Each structure stands twice: as C-alpha cells, then as structure tokens.
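Following the hints, position chain B against chain A.
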Amino acid sequence: MGFFSKKKSGNVKKEKEMGKLINSRNLDENTRRLKERLKDCDDIVYKEFRVGEKQNLRFLLVYIDGMSSRDLLNVSVLNSLMVHAREVPPEATEPGDELFKLVRYGGLPASELADKDNLEDAVLAILIGDAVLFIDSTEKCIIIGAKGWPMRGVSEPNTEALIRGPRDGFTETFRINTALVRRRIRDSRLKLKQLSVGKRSFTDVGIMYIEDIAEPELLEEVFRRINTIDIDAIIESGYIEQLIEDNYLSPFPQISVTERPDEVAASLYEGRVAILVDNSPFALIVPTTLNSLFQSPEDYYDRWYVASILRFIRYMASILSLVLPASYIAVTSFHPGILPAKLVISMAAARQGIPFPVLIEAFIMEVTFELLREAGLRLPVPIGSAIGIVGGIVIGTAAVDAGIVSPIMVIIVAITAISSFSIPNYSLSVGFRMLRFSLMFLAGILGLYGIMLGVLLIASHLVKLKSFGIPYMSPYVSFVGSDYKDTVVRVPIFLMGKRPAQIARNRIRLKNNRNLINRLEQEGSDDKE
Amino acid sequence: MIRNNDTISPYQLAIIIIMTVISVEAFSLAGDAASALGTDGWIAIVILGIINIFAVLFMIKLNSIFPGKTIAEYSQIIIGTIPGKILTSFFAVYLIIVIAYVTRAFTEVIKMFLLFRTPTEVIMLSLILVCTYIVRGGIECVARINELLFPILFIPFLIIILFGLPIMDFSNLRPVLQTPAGKVLTSIPRMIFSFGGIELALYYIGFMKEPKRAYKPLILSVLFLIFFFTMIIVFCIAAFGAKTITKIIWPLVSYIRLISLPGVFIDRLDGVILSLWVLTVFTTIVSTLFIASYSISKVAGTNENKQFVLPLVIIIYYLALQPVSIAELYEWGSIIFPYAVAAFIYAVPVVLLLIAKLRKLGVKQNESN
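Line order of the protein sequences matches chains A and B.
If you number the first sequence the way the working numbering does, the last residue is 558 and the count never jumps.
If you number the second sequence the way the working numbering does, the last residue is 750 and the count never jumps.
Bound conformation, chain A alone (with noise of 0.2 angstroms):
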C-alpha cells in the first residue's frame, strides 16, 4: 500500500509540475481516458493487439483515419511487432519499462519517435495526424510520425506565372513548403522557428531567416507580435498577416505574399524574413516596401534593361491607374486650356448629347468595369468568357451608342484597366483602385489642384507608413546610393554588391567580376597571338 501511495503522490506532483493529466500504467484505463476526450469523433481508430508468446503484451495504436499514412503504420509498426517480434524472442517478456524501452529503441523501424507521458499531449500528437501507441504497464506512449494526409503536389503557381524561372509553388503542406525553400538555401545559418497559433487550430507557424543577414530587432518585432496573437484558429495565412501589420487602416498592404518559392529565397538573402503558415500556399514576407511590391522575381533573371523597362513600365501604369481618369476629369471640366483646342473641340464634340457631367459619366464606366472584373473573377471559365463579350461589345459599343458616355471615356477607362493590371501585386492594385475613386472626387471638386492634394495626401500617408520598422518608400526616403540600383533602374546584376541598407546586416553579397573575365579575355588573346 506503501508502494502504491508514494507512486501516486510522485505521479500527482508531476501533474502539478506540468498542469497535465499523466498517463495512467493501466492500458484499460488510458483507453478509457482516451475515449472520454475523444468522444464521438468517430473517425479515430482505435487498434487493440497482443504480442509475445503468452500474448501477454498489450498495445494499443491510435491515430485518425484519413490523417496517418496506413502504409507507414502497417509496415513500421504492426508488421514489425507482430510478425518480427515473433521470429526473435523478445527479452522483455513481462509488460513494463523494459519492454517500453525495446519497443521504444528498437522495435519500430519509423524515423520519427517521441515518447510523451500524459494525456494532452498525445491527444494533440493524434489531432495533428500522428499515430501514438500504448503500451500495458508503463506510463508512457510512443508517437509515431506518421503524418500523411491526401495532399496537392507541387504545382506552377496560378496567382505569379512567369515567363522565366522556376515552376515550383508553395502548396497547402507546411513541410513541403519550408522543404521547397530550403532547397534554395543550402546554409546552416537559414532558421527555421516553429510556433503553433491558434487554440483550437494549432496552426504551424514557421518563421524562417538567415541569421546573420536579418536585424535581430526585426526578429524580435516580428516574434513579438506573432505572440500576441490570441485566436480560436488561423485559416490562411491572411488571417496572421492582418493580426500583425502596421497599419489596418492603410489602403497599402504592409505584407507582402507570394506564392513562389525562389521569391521567398530571395527575400531572405536580403534580410526579410518569411513567415510560412500551414495550410496555405502564400508566404508573408517582411518588412515591405511599395518598392519591393513593384519587383518580378523574373526582374532578376532576365537581363538588367529588359528589366529595368518593364519596372519603368509598371511604375507608370501605377500612375496613370491611379491619375488617369481624374486627369481626364480635372482638365475637361476644369483647364481645357491645357490641351491644344483641336483636340478640346474634338473632345467637346465627341461629348455632345451626353447628358451627365464628366464626374459622372465617369463614375458610371469606372463602376461598370469594377462590376464587370469582379462578375468574371467569380464566374467559372466557361461562362467567364461570356462576360468579357457582354462588357467588351454591349456595355461599351452600346453605351456610346445610346450617348450615355463619350467614345474618348471609354477608351479612358479602358488604358486605365490595363495599367492596374499591370500592377504586379494584387493587393496594391486594389488599393490603388481604390484611391482612384477619392481622385475622381477631388478631381471634380478643385481640377489639377485636387488631385494635387489627393497625390499629397497619398504621399503623406506613403512617407508615414512603416512596415515593421522600415519606411514604407524606402529606398526613395531614404539616401542610400546602392539602394537605388533595384528600384526603377535594375542595374546589371554584377555591380549589385550590395543588400539593402535598410533591412539588412551582413551588406556584401557579391563581388564584381567583370574585370576578371575581361582579363582572362585579355590573356587568351594575348596567348594567341
């Protein structure tokens, strides 16, 4: 009786130590315990089995049906103790903690073992999709790494198809994902830190980093507020990146996501850190400036000028989706002395008989194409296509037709939705949507000198904003000369020595090698000769 009190009151203490339920030694009772907190799920199996001579060995192996690889628990553990276990005789022959430690060490031929010795731990061990197993007479239980649920391989992303560069995309499978950026960076220095968000969900968080590039302030900010974090469960990783940015208030994401890998990879050899989430397919990055969100990964593969037009481009299509229809606005209600009078009388009589004013008129097109994106993007293909006819040639032909609006405001709206389309990143161009409606306003209320202040405005909130520390206009805000060798001009990759001032430690990342192969040039001519 001795025995069994002082077992108990250590046991009891051990609780107390850890605020959890220790297993008990009793197979029965752990089954009983187990199926009280597991109540009516059925798809949780259940697998009683004796081994040993005597069939005195108890085990029971639990795991949800649909979660944990079949295959891997039939190979690995039930083929390996029923059947194997029986060709050698087993030393253990009673239950207990040798026979725990036989199993435990050399029993199951799995690559991922733990033991845990109470009751939360191996409920969660089952709920993630690993299989756990019981064994009579000892407190512990075996987890069994046998995750393996039905998943999407790895595929080219839809939201970012290049022209140039690797077909790679993250999918919903956190291990696949950090796998796919690993493979990018082969260095002990690249970290990977775990965290589980959520309550109920236990959503993997990985915040991965390569550690002597990224400003240990930005990863503490960003570990600070991950902590904060006090939620039911996490969806998306859109969910974490609302929780934590800057500014909620803010038209401009603060985050940026991507779905590529080599994006990711890049990011963090710039210092950035990523933050990957389990079951979404887009990693966050930060911090994030409205630079960094005018980049292609394809900007870097492709030849420096190449680049550097198509940056040039984006950035003007920015500012005409933004300016555009609120120029047109301002200077026919306002300055049509701007324009040289040919074109004012052809605009003026292109707008003869049209019954609104140009505020309006341009709202009605500018509301008829954000109706017609959004109708389309919701619709499945096939009948997606029926859209762009019924915008493309009965809205548009139609409406000049009719004289509801002027042929020149559709052809403005149209260049307008190109250019934001051209907006490499989706959340930006939404916010610069948005913003082009409060243009429109200014526009018709105070001409050119509105928009003006619209534009200052924007550029005040721009220069406020901050992404985890680091302006948001960085590098423009901030003079740095190397910083703007990747803004707007892409210079040719051997004189980009340097990674960003601002968010990064370690600053040399290459060294220009130009001179070297002219020289060797030099040399094979002069050896011909």
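These are computed hints drawn from the structure, not numbers from a lab.
Since the structure is predicted, the reported quantities are computational estimates derived from the model, not experimental observations.
From the three backbone atoms N, C-alpha and C, an ideal C-beta is built for every residue, glycine too.
Some clues are possibly wrong.
Simulated pairs of lysine-lysine, DSBU-like, Cα-Cα distance not exceeding 35 angstroms [stated by the list, open to error]:
| no. | chain 1 | residue 1 | chain 2 | residue 2 |
| --- | --- | --- | --- | --- |
| 1 | B | LYS597 | A | LYS540 |
| 2 | A | LYS64 | A | LYS83 |
| 3 | A | LYS527 | B | LYS593 |
| 4 | B | LYS593 | A | LYS495 |
Okay, the calculated beta carbon distance ranges per label pair [unchecked claim]:
| no. | chain 1 | residue 1 | chain 2 | residue 2 | range |
| --- | --- | --- | --- | --- | --- |
| 5 | A | GLU265 | B | PHE608 | 54 to 64 angstroms |
| 6 | B | TYR720 | A | ILE440 | 49 to 59 angstroms |
| 7 | B | ASP550 | A | VAL373 | 24 to 34 angstroms |
This is chain B only, laid out in the frame that chain A set:
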C-alpha cells in the same frame, strides 16, 4: 532599426532647406529683382546668397555648441528661461505669419490661373489641412516627404524651363554690371525675403545626430538656391526684358506660359507647372508649420507638438483672410518681412553666439577631444 522618430540625415537637412526657401516667392522674384536693379537684378541674389552662406556658418557654429538641441532649447540656456521663451514665441509668431502669407499668395495664384470661380476659403483651407496630416507625423515624416518630393518637383521643372530657350533674347540682359555699388547694396534689403526659410536651419540642425556634418549640406543647399534663383531671374529678364517684367505680377508663370513643348499634346504648361508648384508650397508650409508647433510646444514646456497643429490652422486661416487683395497682401509682406527675416537669419544667431561665447557655455572643446 526600429528607431526613434527624432533624427534627420544631412541629405534630408539640405533638401528641407531648399524646399522651404523655394515657395510661391519664386513666381514674383524676377519682377522684384528687375524693379530693384533692372538688368542687374541677379547680382543682388548672388550677393545675398553669399551673405547667407556666412549666416548659415554662424548658425552651424551656434548649434554645434549645443549638439542635439534646437534654438528653442538652447536659447533658454544662453539668455535665460524667460527671455529664451519670449524669443521662441517671437519665432513662432513670425513663422505663423509666413505660413499665412504663403498660403494666401499661392491661393491667389491658383485662383488666377487654375480655379477661377472656386472660393478663396476652400482653396486655402484644403491646402492647410492637407499639410497638417503630415505635420502630425513628426520630424521624420516631414524630412521624408521633403526627400520624396524633391526629385518629383525639380526634374520636370528644370527640363521644362530649358525648353524656353527659343523665346529668350539674351541681349535683354545688357547692360551688365552698370549699376553703382551703392545702389546694389541698398537694394539687398528688398530681396531678403527670397531667402526666407533659411532660419529654420536653426531648428533643423538640432534634429541631426552630429551638427558638424551640417556644413556641407547647408552650404550646398544655399549654392543650389543661388543657382536656382539666378537662373529664374536671368531667364525671365531674357524672355521679357527688364522694363516689361516689372509690370507682371508673376513673371515666372508668364514665362512658363510662353513655352511650348514640341510634339507634346499639352499646349499650355502653366497649369502643369502650377500643379507641380503645389508640391513646393506644400513642403514650405509643412516644414514651417512643424517648427511653429514645435516652438509653441517648447514655450509651453510639453514634449509633444501634435496637439498644437490644428489650433494653429485656425489662426493661420484667420490671418490669411485678412488682406483684402493681393496688392494689400504684398504691401503687408514688404513691411513685415525684410525686418523679421533679417532679424532671424542674421541678428539672432550672431547675438546668441556672442553671448554663448562670452558666457563660455556648451560642450567644452577639450572634453570632446
């Protein structure tokens, strides 16, 4: 990296000073210069600029005695708490008047060339309110917006203004250097306001980590201003002639109006340039309003200056509405500003420096070595 919001870089200092000094005054500058000295109008600006380089040197000297402090803080050390606060409040009042003046003057320009029927009140209030948004962001935001807008303003402006070369006739600039020296010197006080804004360096140097690094950017910015103003005066006189130019209120706008870009569908550029000029008036008001609210916060003894910005807007709005017409506005300006600007650019730094030297205040040279 997650830094405090209280320092600016030397490059930002230079840009703040340039963007503050250049404002709506640039429009009428050529007319003032020509009416003072005729074809030699640009000489006054060059001489004034050289004087201002020395003034700037005095300011840096004064600030480097008290590194990391602005004039609102160290004037209280040099001449005592109460006189220091009185000086700072004079500064604040002067800056508020400057903002009101600039706002009103620019509103008149906008009304003349862009918005003919919009009420003055709407134009003015919208401009000041847009400025308050960024001023409430603090010193770093003020510095960053200046840095961001500088190339956006000057690159297009300098390109466009060079297209006026065909309409210029450089024989209009003759006779050169025929004005007697005495007349040149007496004309300088009339031009002093064109460099108004440099006195803000007394504050902005205090926001730098090391005042010693202010020499290069500040001298460069004064040189840039000399170049810019001289260019405007020379171009305008060359285009119109010194006699005609005195009859035009805003010679620069009229000059830009004459420019036509070959092959571009924009016919008249004054609308475009005026819209661009909103940027420089905006930065002038922002830098000045920030310092005005900062001075008041130092007089009141608070650390934050955000809460003073919106009340200031009401005062500025009221002041700006006082002049009935543009003529009255310019008359007021010509009475107040020459004395005020001279006092704050030249008298205050020199006197404070002298007193500080006599009282042997500040960081001792030996200790810093």
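Status of the hints after comparison with the structure:
1. Restraint check: the Cα-Cα separation between LYS597 of chain B and LYS540 of chain A comes to about 31 angstroms, which is no more than 35 angstroms; the hinted pair holds.
2. Pair hint LYS64 of chain A plus LYS83 of chain A holds up; C-alpha atoms about 27 angstroms apart against a cutoff of 35 angstroms.
3. Taking the CA atoms of LYS527 of chain A and LYS593 of chain B, the gap is about 28 angstroms. The hint holds against a cut of 35 angstroms.
4. As the CA atoms of LYS593 of chain B and LYS495 of chain A are separated by approximately 29 angstroms, the hinted pair is consistent with the 35 angstroms bound.
5. Range check, GLU265 of chain A to PHE608 of chain B: about 56 angstroms between beta-carbon atoms, so the 54 to 64 angstroms window is met.
6. Distance hint for TYR720 of chain B and ILE440 of chain A: a CB-CB separation of about 57 angstroms, consistent with the stated range 49 to 59 angstroms.
7. The beta-carbon spacing between ASP550 of chain B and VAL373 of chain A, approximately 31 angstroms, falls within the hinted interval of 24 to 34 angstroms.
Consistency with the previously given hints is maintained throughout, with no hint failing.
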